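A.B. asks: Below, each chain spelled out in residue letters.
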Amino acid sequence: MNVRRFDALIVGGGGAGLRAALQLARSDYKVAVVSKVFPTRSHTVSAQGGITAALGNVDDDRWEWHFYDTVKGGDWLGDQDAIEFMCREAPSAVYELEHMGLPFSRLDNGRIYQRPFGGQSKNFGGEQATRTCAAADRTGHALLHTLYQQNLAARTQFFDEYFALDLVRDAEGYCLGVTALSIETGEPLLIEARATLLATGGGGRAFGNSSNALINTGDGLGMVLRAGLPLQDMEFWQFHPTGIAGVGCLITEGVRGEGGYLLNKQGERFMDRYAPHARDLAGRDVVARAIAIEIAEGRGCGPRGDYIDLKLDHLGEAAIAAKLPGIRDLSIRFAGVDPAHAPIPVAPTAHYMMGGIPTNLHGQVVAPARFGPEEPVPGLYAVGECACVSVHGANRLGGNSLLDLVVFGRAAGRHMLDYLRDNPYPRSMPDDAADASAARLARWERPGSERVAAISDDLRRTMQAHCSVFRTDISLRQGLAQLDALEARLAHAGLRDTSRVFNTARIEALELDNLVGVARATLVSAIHRTESRGAHTREDFPERDDERWLRHTLYARAEDQVDTKPVRLKPLTVESVKPKARVY
Amino acid sequence: MKFRLYRYNPESGVQPRMQDVELDIDPAGRMLLDALIAIKAQDETLSLRRSCREGVCGSDAVNVNGRNCLACITPLSTLKEPVEVRPLPGLPVIRDLVVDMEPFYRQYRSIRPWLVNDEPEPEVERLQSPADRALLDGAYECILCACCTTSCPSFWWHPDTFVGPAGLLQAYRFIADSRDEATAARLDNLEDPYRLYRCRGIMNCVDACPKGLNPTEAIGRIKALLVKRRV
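Chain order of the listed sequences is E and G. Residue numbers for the first sequence, in the working numbering: 27 to 610. Residue numbers for the second sequence, in the working numbering: 890 to 1120.
Here chain E stands alone, though its shape is the one from the complex (with noise of 0.2 angstroms):
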């Protein structure tokens, strides 16, 4: 196999990635960036609503409001000292964008444009706060563009179109790279490095019905189950509660920020019933909830009543033409209406992974180990999405996303610039690093009756149905059965196509792996998790319970066991939020 060798290496060119990249290349380090698709190709590229920070270039604002308002959005299953250190970071981070170049829309005043977003509030829990800072509605293209271009001007060497395989350790556990494979020659590669970020984005395809872009399969997760290390709150998806009927593409939060609302087919502004106070801005989590439930009572819209109306001509086409360009155009396209005119036919669609690979605040992998439950794995970090360092908790707030990718890459940047600092010498790589790899490619040699196009349908079907928004013990359970199933088929899958050069059934193949580890991860978490918080909603345990379930779950994918560890209720510096019931 051949071998390249840097001193940093990332996995995954979205918006973490390509910003822990930048603080590295800046260095006189060599850093590398390992992407399956060109950077700018990365499911940052969809975010639409924006990124928030208490800028308070709008109203009156404090990153404490925003510490309090995340809290309570995770429904206090986040750590609150990561917590409170994405928030205190939070408009520097933002500064820092805007001076790399990123259009933001502006202000009057020519300062960030910001706009309301759900489950903002301030002085903890009072009044909507005006929080979002927004590139119109294209913000994660205008980030990861930026990003990307930074990354050109800083001379990262980019590996475009190379598909990452297995973490490589050595038996004190150290990480010392990755395998990968060129897409374009199908050739194998061994990337040596003395620090290597997964930033590998969420595997949202995991579900029928899902916003998230089609390479979003979970490869980081697949890794790091495949190395014996835990995947944490793997049950808490988001489901967001507008995505376009039937398609699932997203209709951002900033719609209902600027002034739209949700109808059922009485005309009836339902989620008056469902949260009083912050009605259309409710968590996504509430909203996505009160959505499910007036389909499912029947008032839904449409002749089969299976969506609910959001409406919002009555902006004017003005407006919606200069903050919602893009939701206009998404909207004529795939639900044949413009929004100008008529409201836009939106249900629930899996958005987001709460959950993933567990972290501290300085983006370093924790496992148990010797020393206690949080152990840094070492020359292992993980960002964004496919981290759960956990700031999310049991339901991610809008604009928080953006946020995480780009607090904590620069973080995690900055940790990996000390560890390569206090571990100048590479470790010395096994004579095995690359057999596992090896040994997979070569299952995707052998003939099989089993298609993996098949498979990986039915598996998106089997959590559609059974690990969607509302969820039972019996239902899970059923779930989990069928994935055996699909995994006893899985063993018997052969490609029709063994050939090298841009083979992309060879890599849908290897996803498939991947989207294995993460439903299996869901199924037995969301099984584990006899109660409801947040986004994972038991209707056989509809009750919060923090005397047994405030903490975080750790799925290890040896015979699938499940362990929990304690959530971190003290901050920083300022007072903890202590768990009380969560109303908007």
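Hint data in this document are derived by calculation from the structure and do not stem from the laboratory. Since the structure is predicted, the reported quantities are computational estimates derived from the model, not experimental observations. Built from N, CA and C at the ideal position, the CB exists for glycine as well. A couple of the hints might just be wrong.
[As the list claims (entries may be wrong)] Once the Cα atoms are required to be at most 20 angstroms apart in a straight line, the calculated DMTMM-like pairs of lysine to aspartate or glutamate come out as:
#1 K929/G x D484/E
#2 K891/G x E1008/G
#3 K1100/G x D364/E
#4 K929/G x E534/E
#5 K929/G x E210/E
[Unchecked claim] Part of the chain G face toward chain E, derived, beta carbon under 10 angstroms:
#6 I926
#7 E943
#8 S948
#9 A1023
#10 Y1029
#11 G1101
[Unchecked claim] Per the computed footprint, the stretches of chain E lying under chain G, defined by three or more beta-carbons under 8 angstroms from a beta-carbon of chain G, are:
#12 127-136
#13 173-184
#14 346-359
#15 363-370
#16 520-527
Start from chain E and add chain G according to the hints.
C.D. replies: Only chain G this time, still in chain E's reference frame:
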């Protein structure tokens, strides 16, 4: 529906060919990408790029019935049968619908696509008026899909020397940005018979852009700035 797909696998030793495919699919509400994915589910040897499937990542640009477009936002109901799907013209084909984008990316990099401002950084944002910010509308939204550049005959003849509409639009995005200080260097970089002036204003790029952007107009503005600084 009937499709004709460009097929080429460099390992097969077989010349590129057009393959006729019939697919049982209801075109209502479906996009071309849905059809290509369905075809790939039947015949996994078909290779194509795709990611966001909603027209914002720029992965799945292809040439359909002679026009460049993004497969994921091209409704099947608008296409005449047989739907002829080819890789983007003017770039080397790697396999099937996948082209080597490097000549396109190289031209993008050549315009130094990043904001340059060497003034001391304030601890808050740099101010920009809504009017100055509005100058970026129509320029920053480019998704680097290459639909425009690969529909441009000047780029077909001069891929090494002509920046092409996408690269020039991005050059204009930075020239137009009130925060950028490198306008003179950016204009110098383009003042060249090939890099800029191979644009003959035929506007294929405007016709091809799936985001409704207008590179020809941006190129015109760059030319105007060059004239202005001469006189």
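A.B. asks: For each hint, tell me whether it holds in the structure or not.
C.D. replies: Going through the hints against the structure:
1. K929/G x D484/E: The given pair, whose Cα atoms are some 17 angstroms apart, holds under the 20 angstroms limit.
2. K891/G x E1008/G: It is violated: about 59 angstroms lies between the C-alpha atoms, which goes past 20 angstroms.
3. K1100/G x D364/E: Cα-Cα ~17 angstroms, so holds.
4. K929/G x E534/E: With Cα atoms ~11 angstroms apart, K929/G and E534/E stay inside 20 angstroms; holds.
5. K929/G x E210/E: Between K929/G and E210/E the Cα gap is close to 18 angstroms, so the pair holds against 20 angstroms.
6. I926: holds, 8 angstroms
7. E943: This hint holds: E943/G lies near chain E, its Cβ roughly 5 angstroms from the closest one there, short of 10 angstroms.
8. S948: Where the cut-off is 10 angstroms and the nearest Cβ of chain E is about 5 angstroms from S948/G, the hint holds.
9. A1023: holds, 9 angstroms
10. Y1029: holds, 5 angstroms
11. G1101: holds, 8 angstroms
12. 127-136: holds (count 9)
13. 173-184: holds (count 4)
14. 346-359: Our answer is that it holds, as 4 residues pass the Cβ test (under 8 angstroms) against chain G, meeting three.
15. 363-370: violated (count 0)
16. 520-527: holds (count 6)
In summary, the numbered hints that this structure violates are 2 and 15.
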